[in-house]
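Residue numbers (this note's numbering), protein chains in the order written: chain A, 955 to 1193; chain B, 7 to 322; chain C, 337 to 883.
In case anyone wonders, no lab produced these hints; they're calculated from the structure.
Nothing false has been slipped in among the hints.
Not everything, but these chain B residues come out facing chain C in the computed CB check (under 10 Å):
1) F13
2) I34
3) L47
4) A50
5) R52
6) P64
7) I76
8) P79
9) L82
10) L93
11) S150
12) P154
13) A194
Think of the CB as a built atom: it goes at the ideal place given N, C-alpha and C, for glycine as much as any other residue.
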Amino acid sequence: METVTTHRASGPPASPNDEPILEEQFDDLEQQHEASSVGMWVFLATEVMFFGGLIAAYTVYRATSPREFALASQHLNVGLGCLNTVILLGSSLSMALAVRAAQLQSRRNLLWFLAITAALGVCFLGVKAVEYYQEYREHLIPGLNFQIPAQVVAKSTRLPLDPRRFEMFFVLYFFMTGLHAFHLIVGIALVSVMALLTWRRWLSGSGETQIEVTGLYWHFVDVVWVFLYPLLYLIDVQS
Amino acid sequence: MWTFPLFPDQASTIAKHVDALYFFELGIAGFFTAMICVLILAFAARYRRRSTVDRSNPPPSSKTLEIIWIGGPLLLGLTMFTWGAILFYKMYDPPVDALEVYVVGKQWMWHAQHSEGRAEINELHVPLGRPIKLTMTSQDVIHSFFIPAFRMKQDVLPGRYTTMWFEPAKIGRYHLFCAEYCGTNHSAMGGWVYVMEPVEFQQWLSQAGTGASMAEQGERLFVQYHCAGCHRGSQTVHAPRLEGVYGRPVPVQQGKEVRFTLADYRYIRDSILRPKSEVVAGYEPVMPSFEGQITEPDLLKIIAYIKSIGAKEATQ
Amino acid sequence: MSAVAVEFKEDYLQAYRLKSWLLTTDHKRIGLLYMASITFFFFVGGAAATIMRLELMTPKGDVLSSPDAYNRLFTIHGVVMIFFFLIPSIPAVLGNFLIPLMIGARDLAFPILNLLSWYILMIGGSIAIGVLIFGGVDTGWTFYTPFSTMFSNTMVVPAATAVFITGFSSILTGLNFIVTVHTMRAPGMTWFRLPLFVWALYATSLIMVLGTPVLAISVALVAVERLLHVGIFDPALGGDPILFQHLFWFYSHPAVYIMVLPGMGVVAEIVPCFSRRPIFGYKLIAFSSVAIAVLGFLVWGHHMFVSGQSMYAGMIFSFLSFMVAVPSAIKVFNWTATMYKGSIRLDTPMLYALGFIGLFTMGGLTGLMLASVGIDVHVHDTYFVVAHFHYIMVGGAVMAYLGGIHFWWPKLSGRMYPELLGKLSALTVFIGFNLTFFPQFVLGYLGMPRRYYEYPAEFQVLNVLSTAGASILAVGYVLPLAYLLFSLRWPPDAGPNPWRASGLEWQTDSPPPVHNFEEIPIVTRGPYQYSPEGAEAIDGNGDDASR
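Build out the structure end to end from the sequences listed, making use of the hints.
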């Protein structure tokens, strides 16, 4: 995704309130801003379809094997998942504040909020890594070391179970959260680059457009998690 | 003038109905193609650059014309759809007295089994004038059972049964093709369908060396795999008796609730291969799985046996 | 253009260093990069088809060493032709080149992204060629499971990777077009003053952007299942093979509209110009393009009538498939009506456009026969389907592409192509095409299944006819490659508007300057400002300003 930024490899850094650079294909700054914004929205639409395909597959299998999916979901760590949800929502808050700071041309605040956003994103990944490790220890990674947990085998004498659909839940869980984590890594990189460019004063203008577009992407990654969390973690919390 | 065919035989009762719809739609296709081509050629000739015909007041648009050429195709389309849908419904609704044949497709051959017991490879013998219902599955990948002369085709899937029916209407020998790409010898996975006079068919069925019927062979397998040990009244294991089960609703435990499922081919096959997925209410999930131990043709025989005792009273 | 001073105008072709092509962000040069690439892929896919048709001349397999070789050939033919030729073709070559010119912009919204799209296509294409060289893939371009995931012994994962990567090229191009058309139209260029080519590509871009990600997920899941041996689509491991078909066709049906809508856009530009009449029913054609894009997402199940999906689902998909045909019918009638009381010249582009209309009509109507569930049970997976889609993709899309290349050749190269050879090629393609594919309708109804390399002897005569047609068709494709390349040896003196066409792209030089326009035009009128009167005076090499 091309952002409206120029790196000046050499030469003095521009002063903070420079007029944004107008790329030559655009007529005026307003058009450039609109193009960046519409472009990011269209890109997010493609991402919706991308995750949507996975969610469709998930929906089909959950509808036909509700028991197995509910049971499998109970083996995820709801506490950590909840923590991650809070972290990511918090990072969306800091991102929104960063966008506001850019609009108000408040460079210090912008830097802080971008840093907090990236940091929270990294925290999310850390918690996810802990979860993945836990799942690895419990032999829940399909294709690697998957085994039906003993307690589930024990339960299955009283409750009927298709072990293949139990494993299917984890295939989808790892693919969906893995894909999300990949998008989050890209987001963290993007936010970090924006922070760096802001710090070095290499963003054209006050960076309003660039930060706004980054914010759109970040919020999207958050919204995807808001769907994934209940779908994966909250199927049958009571049992 | 020529010896190669341009049109397939009409060898089933549905064939002429399919062909009727085909010719109707071919006619429409031909008519509109011809109309457009004629108009284009006529305009290109009449209004060619150097001609001096009247070109005044060409219409930039025309509501009337637009309504005609939206409404017209829409109506024709709806007609074609309705006719096709009705035909499709007939093709999918087998008569109750159909003769049952069981087909297993695998890379790269067809195995067909008649209930009376006779089995064939890459061939299917059927009697004239009687509806035939095929219950089919695949042992590996998706195949498709296709008899052009009958205008019938149905994909054959692993892990599922699909069905297809037809009524042969003409004596003869017709091609059988696999119509879903399935690997190396997809082109060779075919054979012949023989439509015979009913009397000859009966003779063929009971020819020497055919042995027991499917249900009888199924009963032998039922004992061989120790199904009888639990399901024919055991002192130690509480397992449901299977008489009277086939074709009737079975109460299945689902969590705390009980729901009813129909004991059809799918249910019985799943019960044998994945017994824990649907357990009858009031029973423990102790039945072992036979996944990987029984071939598809054998599964069909066991199910045929269970079907054959389905008419008897269920006993507890 | 009066020759006042000897001014050296730098047009976009004045670029002689490799770097200025490989690192260009000029949409016109990127269009040419795409043209070179897809021409290469076309001949790779065509070579596969040639060998297939040679094999099919006889009922037994005697040209190739094994059935596996044939299976790999038809797979690579489909994969290369669809993903590396047809889907990029008109959008990435003509769309890239023309959209900014047609809307009065200096470039697309995201020029660097545009170049990235081309590189992504080249990376995906290299992997595909690698697959071809190092053993091939034999799943068919449709990758049906569980054959592709559990049974095939060929390079399925690399092939899936190539398709996955190339999808992003399509997505980014579509994204670029949507943003450009929304935000960068010249002053006065309202939506309803846009050329219909732009409308068509806009609708195409909607499909590219929304459909392609689902394909990406489908092939990614195939790769996961194959690599990790987990059950997603394999019934033996708890999966559902029909789920794959739903996910795959959810993209791959709209994909066929990606392939044909741009062709319709080209026809909508050519017919008015060579009839000297404004298009009949502009708004209806514009809305029809969008309607096709939207409705096209609702009909995927018509590829699955006998797959084991429910009979009622089949009926619903059948009904919707008949609905999606209506906007296409509207377009065909409108194009034809445009010729009424026109002043018609049958130059090469017009021959291709008229050929498109006739062959697309046939292809589309046979599509209705396939949408009719009762008939489809018989002809599904037979040569009837093969004939149907080749009528649309080759008789339609490829002819429109060639027509567009000829129409805009003077604009993009500054040279005219040799008209007599152009007409000859168009005729050769038309004759060769019909001889190749018409017999396949007959073969299909007779029952010859697809993807067969051996067949019953009674099908041979029709197969031989088809192969004969293919040899003629091949000539028709090689000729333009030769004479178009040869025309580059001539000086670029075609003039800005040799066709006296209307449209902003004809207001600037041929070839256009790097920044497209000296001054961004202000638009005060709609497109297709043609009138038959006075057409007499035009001879095709007019060099006066047409507005």
